[in-house]
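Number of protein chains: 2
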Amino acid sequence: MWKQAASRKADSVNALIPHEWRIPSPPSNQEQVDITGSYVQQFLSAQEIEITEADAAFIAKKTASGEWTAVDVTKAFCHRAALAHQLLNCLHEIFFEDAIAHAQKLDEELASSKRPAGPLHGVPVSLKDQFHVRGVDTTMGYVGWIGTFQGEVGTGKDKVFESEMVRELRAAGAVLYCKTAVPHTLMSGETINNIIGYVWNPKNRNLSAGGSSGGEGALIGLKGSPLGFGTDIGGSIRIPSAFCGVFGIRPSAGRLPYEGMANSMDGQNSILSVVGPLASSVQSLRLAVQAILAQQPWLHDPLVLELPWRSKEEQLILDAAKGATGRLAFGVFTYDEVVAIHPPVARAVDIVVKTVEKLGHELVQWKPPSHDRIFQIGLKTWFYDSGADVQKAFELSGEPQASQVSSLYGAKGRPMDAVQIAENNVLKREIQKEYMDYWNSTQDQTGTGRPVDAIIAPCAPFAAARPNGYTYVGYTLFVNVLDYTSVVIPVTQVDKSIDKALDNFQPISELDKATQATYDPDIYDGAHVSVQLVGRRLQEEKMLAIAELLSDALAKT
Amino acid sequence: MWKQAASRKADSVNALIPHEWRIPSPPSNQEQVDITGSYVQQFLSAQEIEITEADAAFIAKKTASGEWTAVDVTKAFCHRAALAHQLLNCLHEIFFEDAIAHAQKLDEELASSKRPAGPLHGVPVSLKDQFHVRGVDTTMGYVGWIGTFQGEVGTGKDKVFESEMVRELRAAGAVLYCKTAVPHTLMSGETINNIIGYVWNPKNRNLSAGGSSGGEGALIGLKGSPLGFGTDIGGSIRIPSAFCGVFGIRPSAGRLPYEGMANSMDGQNSILSVVGPLASSVQSLRLAVQAILAQQPWLHDPLVLELPWRSKEEQLILDAAKGATGRLAFGVFTYDEVVAIHPPVARAVDIVVKTVEKLGHELVQWKPPSHDRIFQIGLKTWFYDSGADVQKAFELSGEPQASQVSSLYGAKGRPMDAVQIAENNVLKREIQKEYMDYWNSTQDQTGTGRPVDAIIAPCAPFAAARPNGYTYVGYTLFVNVLDYTSVVIPVTQVDKSIDKALDNFQPISELDKATQATYDPDIYDGAHVSVQLVGRRLQEEKMLAIAELLSDALAKT
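Protein chains in written order, with full-length UniProt numbering: chain S, 1 to 557; chain B, 1 to 557.
By construction, these hints were calculated from the structure, which means they are not laboratory data.
Everything numeric in this text was worked out from a predicted model, so none of it was measured.
Hints may be right or wrong, so weigh each one.
The list treats identical chains as one, so a pair stands whether inside a single copy or across any two.
What the hints assert, rightly or not - Listed next, the in silico EDC-like pairs over lysine to aspartate or glutamate satisfying Cα-Cα at most 20 Å (straight line):
id, residue 1, residue 2
1, Lys433, Asp372
2, Lys61, Glu48
3, Lys392, Glu31
4, Lys159, Glu97
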């Protein structure tokens, strides 16, 4: 039964791809490992390529001036998104027609008013399938949620209710056109579910696109979207960004509005999932954050803080970039003392370190409080209800859990009680304080008069996970426990001629051994390798400025 | 056993009051109902009266300029605090000698450097007995905590560890000299425990000083402190402020640092207890908040938000006060549809309403989402652990719970589980959103172009509770559930010739009946009556400005 429902749903979405955009016989992953660049360009017109290979910040200028019509832009991205889906399984919902109609309206209004609708006028924006958008389902990958509102029937909300940020994006002039794939439960670093299957990495289809915002990563990685929104409770924005070679920011909780979105384990409030943008440039991330903050989300989401965009927080960094003021200082680490990273990830961190040195900034070896302790505290929050919430969602249809998820939530158990939860909350606050004190203490090691400005760190032990190979999430989860701001930037690609497997690796645990064992230069060759830049809590302006500074410098090396 | 430990502790604190400050035979409550004004002044010198009847903002100017020495100021408040304790039982810890030594040092440093130590240079500050201050106990009213660190023996922290805000207050130049009484558990609107007994209201010793920051209310109400800090999870700053005729602010969570304070049910994070000042003027509250924010508490407490003092948030209000810009708009309600208020409280709200009208501002009848629903959600958070945490504290000594507390935590039960807690968290967020939408909707009812700027509301059904008469906390708890900013301002006093009991009151419930039945004009005569001014989340600057505007206007009526 669930199989039929799942394929009916998948078919109905595929049917929304116009015939002229279909790939007659898509190559297998083995036949065409890398589908970016010239491969995907063969299906597109020169104009479509020009449009889709621009970033959101550039597009916004073109559409606001009327130089590019919103319709042309929207059509181009719809086309490329359709190609991405056929090659990567990255979409849950398609509403190209609505999008083109909306774009048409924007063009008309611009023509008559001469004023763009907002800072995202005519910019296509893709959304992870947790956002409710009128006219389409929100399945979050659950077969049992098809045709319902978050699994409930008869609420009157399905296909009508919209998430707060959807309203704000429309108000900013954005064109919404598709919703992207997630792993059912959202609690995986790979994206897989029983409706669309497995989401592949566009740069290397031996590998995962990451998760849980894996559809976003894949889609933006193939330039089928210039800007999308994902969510992150343990790395779910940063992992797909890193794997797919795009930029992504995990803001601190309370910066951007989560109001009215579907979620797993809603009401767990020790570590809140946060929403944030992924895009093909830092400038586009900034545009997105600024556009949302301009809507004063704190008046519409009770969990959002009244923090408008703070230009002066960027200034220190912008001044440093121009050499106008003193240096910046960075902490750096490549090993969290739990799981060792693969050679290409170590090389990526090294490239960033050398870039920082070349720019004349300072580096401090990061020796923080135990990341293992942080990891254990964070992981515990995922099991407060012992899986009761997600198990209920699976039971609606009887569908099985993917192995990536059943290893977490396959067995039923007793939920934790208030005493256990309170205890974990106290441990969390204590380690946050300890980490904060450590961060402050680096003031004595820098010559800047300040503690380090940001940490350079791996996003994961691997450039990207191999299928069923997401062994360890500690490199991203620590940021969620600490509620820090983190921006992912692409650095390099795996080069099998340089990035040899380690000869005599000495694992400290089975997990460490299993993780290192997944590295194979032939499999990984060409994959994106990224790092994350971690800042203190609510430092979105500063961290975007630092990310721009470093990615500009990396582009020049 | 516990009785001996309790009286030994009480005696040891009383022994710290110098002989010359002792009241030979203090009158009974009946003999001397009101101990403020001329009654307490008889024990003080003219200089001591001048100093102690100044507010913290004024004192700070005098001590910063050296016109008043910190030693004179400190001694005067120590003396008046000692009197307050003998008449009201408001102190848990006395460290006058340390304070005077600190003041001496401040005087010397000022003399040599010509620069005050900080914005609170030489200002005596009293602290609720949740703050850890070196050299003295933190008992929080538990006999079992005497001589321990939060009930634990052998941590090495007792009498050594200090709370983050203690460090910040010292850095701002404040002189700490005493810690004030709380009800054991902190979960009561009256202050009582087995060490110091019952804390009485200085203006009317038939009545409670309120709770849980009841020692602060009593002490500041008698001008034994110009500025103190309490905490509030359901009204615990606002209730004693209101009852004792002082000003108090309940900031939103994350504005001021709670790091390193003792607490009940630590780790319950659906509704966080917040810390905030009580003082004899709005200007003093502002000075206190500004002084703490100037210490950048967000770098030392992981739960504090990076929100420096925002002067422009005050500007709208200051401009309106000067008549420079448009009007303000206020919502007003006197009945939450659960429990009716006593006649004097209704009259106090009416006085404020008339003042607002006289100033030319607008009024909107406040018809919000169900306060009963909000109350139920809030109350539930107090019972997540079914009392396990506070019961453990009582068991350390075997002492009994006061009836004000045993009605809540007397019986043992099972803690709630993660599923129940998550459900309550979702309900809380939903009502926060609903309330926010309602608040936004008042834009259509005001002529200001904005939703209402603040709500004028009762703080409690009564001017102050009679002993064992704190029947209902809904008028304050709704603010904690919504995480709003609220400032209490004194308005008037009960006048038995005006404030008659209601003739034909029709209660809607037993609770409503019991609450109204506690009103007796003869008992209440002379008591302070206050209101709270409730603003949206994190509106501390704006709400203090509004409180100043209205209290200035009230003073002129």
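For each hint, the structure was consulted:
1. Taking the shortest alpha-carbon separations for Lys433 and Asp372, only the intra-copy value of 16 Å comes in at or below 20 Å, while the best inter-copy value is 37 Å.
2. Taking the shortest Cα distances, Lys61 and Glu48 sit within 20 Å of each other inside one copy (17 Å), while across copies they are farther apart (69 Å).
3. Within a single copy, Lys392 and Glu31 get their C-alpha atoms no closer than 40 Å, and across copies no closer than 66 Å, so neither meets the 20 Å cut-off.
4. In this assembly of identical chains, Lys159 and Glu97 lie within 20 Å of each other by CA distance solely inside one copy; the values are 16 Å within and 70 Å between copies.
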